[in-house]
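Visitor: Order-wise, the sequence lines are chains A and R. Going by the numbering used here, the first residue of the first sequence is number 27, and it counts up by one from there. Going by the numbering used here, the first residue of the second sequence is number 282, and it counts up by one from there.
Calculated from the structure, these hints are not laboratory results. Treat the numbers as computed from the prediction; the structure is a model and nothing was measured. By construction, the Cβ of each residue, glycine as well, lies at the ideal position given by its N, Cα and C atoms. Any given hint could turn out to be false.
As the list claims (entries may be wrong) - DSS-like cross-link-like pairs, simulated, lysine-lysine; straight-line CA separation at most 25 Å: (1) A:Lys78 to R:Lys421; (2) A:Lys67 to A:Lys108; (3) R:Lys421 to A:Lys153; (4) A:Lys153 to A:Lys108; (5) A:Lys148 to R:Lys416; (6) A:Lys78 to A:Lys153; (7) A:Lys148 to R:Lys326.
Said to hold, decoys possible - Distance windows between CB atoms, simulated: (8) A:Phe136 to R:Pro366: 48 to 54 Å; (9) R:Ile368 to A:Glu74: 16 to 22 Å; (10) R:Leu285 to A:Ile90: 17 to 23 Å; (11) R:Thr296 to A:Ile90: 44 to 50 Å; (12) A:Ile90 to R:Leu284: 26 to 32 Å; (13) R:Ser312 to A:Thr72: 47 to 53 Å; (14) R:Val329 to A:Leu88: 43 to 49 Å; (15) A:Thr114 to R:Gln319: 36 to 42 Å; (16) A:Glu111 to R:Glu372: 51 to 57 Å; (17) A:Ala146 to R:Asn283: 16 to 22 Å; (18) R:Thr314 to A:Gln143: 54 to 60 Å; (19) A:Asn117 to R:Ala380: 40 to 46 Å; (20) R:Pro366 to A:Val124: 32 to 38 Å.
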Amino acid sequence: MSKVFFEDNGMRTMERFLDLAVQRQSLISSNVANVDTPGYKTIDLTFEQELKDATASEGSRLHITNNLHLPVGTETHSASVKQVEGLTVRNDLNNVNVDREMAQLSTNAFRFSMVAQLIAGKFRTLKSAIQEGR
Amino acid sequence: MNLLSVLQIAASGLTAQRQRVEVISSNLANSNTTRTEQGGPYRRKDLVFTTESMQGSFQTMLGQALDNEAGKGVRVAGIYEDDSPFIRRFEPGHPDADADGYVLMPNISPVEEMVNLISATRSFEANTQAVSAIKELAQKSLEIGR
Numbered sequence: 027m028s029k030v031f032f033e034d035n036g037m038r039t040m041e042r043f044l045d046l047a048v049q050r051q052s053l054i055s056s057n058v059a060n061v062d063t064p065g066y067k068t069i070d071l072t073f074e075q076e077l078k079d080a081t082a083s084e085g086s087r088l089h090i091t092n093n094l095h096l097p098v099g100t101e102t103h104s105a106s107v108k109q110v111e112g113l114t115v116r117n118d119l120n121n122v123n124v125d126r127e128m129a130q131l132s133t134n135a136f137r138f139s140m141v142a143q144l145i146a147g148k149f150r151t152l153k154s155a156i157q158e159g160r
Numbered sequence: 282m283n284l285l286s287v288l289q290i291a292a293s294g295l296t297a298q299r300q301r302v303e304v305i306s307s308n309l310a311n312s313n314t315t316r317t318e319q320g321g322p323y324r325r326k327d328l329v330f331t332t333e334s335m336q337g338s339f340q341t342m343l344g345q346a347l348d349n350e351a352g353k354g355v356r357v358a359g360i361y362e363d364d365s366p367f368i369r370r371f372e373p374g375h376p377d378a379d380a381d382g383y384v385l386m387p388n389i390s391p392v393e394e395m396v397n398l399i400s401a402t403r404s405f406e407a408n409t410q411a412v413s414a415i416k417e418l419a420q421k422s423l424e425i426g427r
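Next up, chain A with everything else stripped away, as it sits in the complex (with noise of 0.2 Å):
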């Protein structure tokens, strides 16, 4: 049952995807803050493929030897960032878009929401079997 719950493959893929938006989350608030710095540069990470490379890697996790262990350590993946191509540059050399970055923000957001309620849903399912169904 533990394996099934914790080293399930969905639920790793959820908690990356946690880990990425909150990584994300900390890009924008950083393009926000430094919308007037001159020479800044708006930086982002490809969200699909950082987490196509977060569930193939497999991070700083303890060696498991007993299909009995628990998994553990963090799986931590670096993200690359990269600076976001295409945007105005102006005059003080800074291409921040505010617009761009308050639409990323709610989808961000959005995203984030989305999958800690998956997540909770699935906590639950294990609650009600713990319960037997009550």
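Following the hints, complete the assembly by docking chain R onto the known chain A.
Guide: Chain R in isolation, oriented as in the chain A frame:
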């Protein structure tokens, strides 16, 4: 990277924009000041922003060391004085008028200051949006444990 350190980034943006509003207010308040401690009329002040890596938890520092480029905050690099010439206004009755009756007034254009003020207010609002989005995320992740 945790949500609280992301909050620090948005907070740094709020602080920087508030300082900008302070400088603009000072300019507006002194738009007719002809005597200052350094002598001469008040000079218009402006500030420059620069990016700042967040000094945070061990994990944040480790992430930076591993070249996992995390988001950067902002801080005020410095306040400088505008070197543009003072405005000469003909006011013979003014106690600070020169022999020809001209008074040197601060190099401040109220219109320019108002435009900067609006820009600072909007940027501040954008940062508060970022703060509330982060709060929403943290709230959602707490709901997992319910």
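Visitor: Confirm or reject each hint.
Guide: So, going through the hints one by one against the coordinates:
1. Distance check on the hinted pair: A:Lys78 and R:Lys421 sit about 24 Å apart at the alpha-carbon level, within 25 Å; holds.
2. Among the hinted pairs, A:Lys67 with A:Lys108 is consistent with the structure: their alpha-carbon atoms are about 10 Å apart, no more than 25 Å.
3. Between the alpha carbons of R:Lys421 and A:Lys153 the distance comes to roughly 19 Å, so the proposed pair stays at or under 25 Å and holds.
4. About 41 Å separates the Cα atoms of A:Lys153 and A:Lys108, which puts this hinted pair outside 25 Å; it is violated.
5. A C-alpha spacing of about 23 Å is found between A:Lys148 and R:Lys416, which places the hinted pair at or below 25 Å, so the restraint holds.
6. Taking the CA atoms of A:Lys78 and A:Lys153, the gap is about 30 Å. The hint is violated against a cut of 25 Å.
7. In summary, the hint linking A:Lys148 to R:Lys326 is not supported, as the alpha carbons are separated by about 57 Å, beyond the 25 Å threshold.
8. Taking the beta carbon of each, A:Phe136 and R:Pro366 are about 52 Å apart, inside 48 to 54 Å as hinted.
9. Look at R:Ile368 against A:Glu74: about 56 Å separates their beta carbons, and that is not inside 16 to 22 Å.
10. About 31 Å separates the C-beta atoms of R:Leu285 and A:Ile90, a value inconsistent with the hinted range of 17 to 23 Å.
11. A hinted range of 44 to 50 Å for the beta carbons of R:Thr296 and A:Ile90 is consistent with their spacing of about 46 Å.
12. The given range of 26 to 32 Å is respected by A:Ile90 and R:Leu284, whose C-beta atoms sit roughly 29 Å from each other.
13. A C-beta distance of roughly 49 Å is found between R:Ser312 and A:Thr72, which places it inside the suggested range of 47 to 53 Å.
14. The given range of 43 to 49 Å is respected by R:Val329 and A:Leu88, whose C-beta atoms sit roughly 48 Å from each other.
15. Take A:Thr114 and R:Gln319: their Cβ atoms lie about 40 Å apart, and the range 36 to 42 Å holds.
16. Between A:Glu111 and R:Glu372 the CB atoms are about 55 Å apart, so this pair conforms to the stated range of 51 to 57 Å.
17. Our hint of 16 to 22 Å for A:Ala146 and R:Asn283 holds, since their Cβ atoms are close to 19 Å apart.
18. Look at R:Thr314 against A:Gln143: about 58 Å separates their beta carbons, and that is inside 54 to 60 Å.
19. Distance hint for A:Asn117 and R:Ala380: a CB-CB separation of about 41 Å, consistent with the stated range 40 to 46 Å.
20. One distance hint, 32 to 38 Å for the beta-carbon pair R:Pro366 and A:Val124, holds here, with the actual separation near 34 Å.
The structure does not agree with the numbered hints 4, 6, 7, 9, 10 stated previously, though it agrees with the rest.
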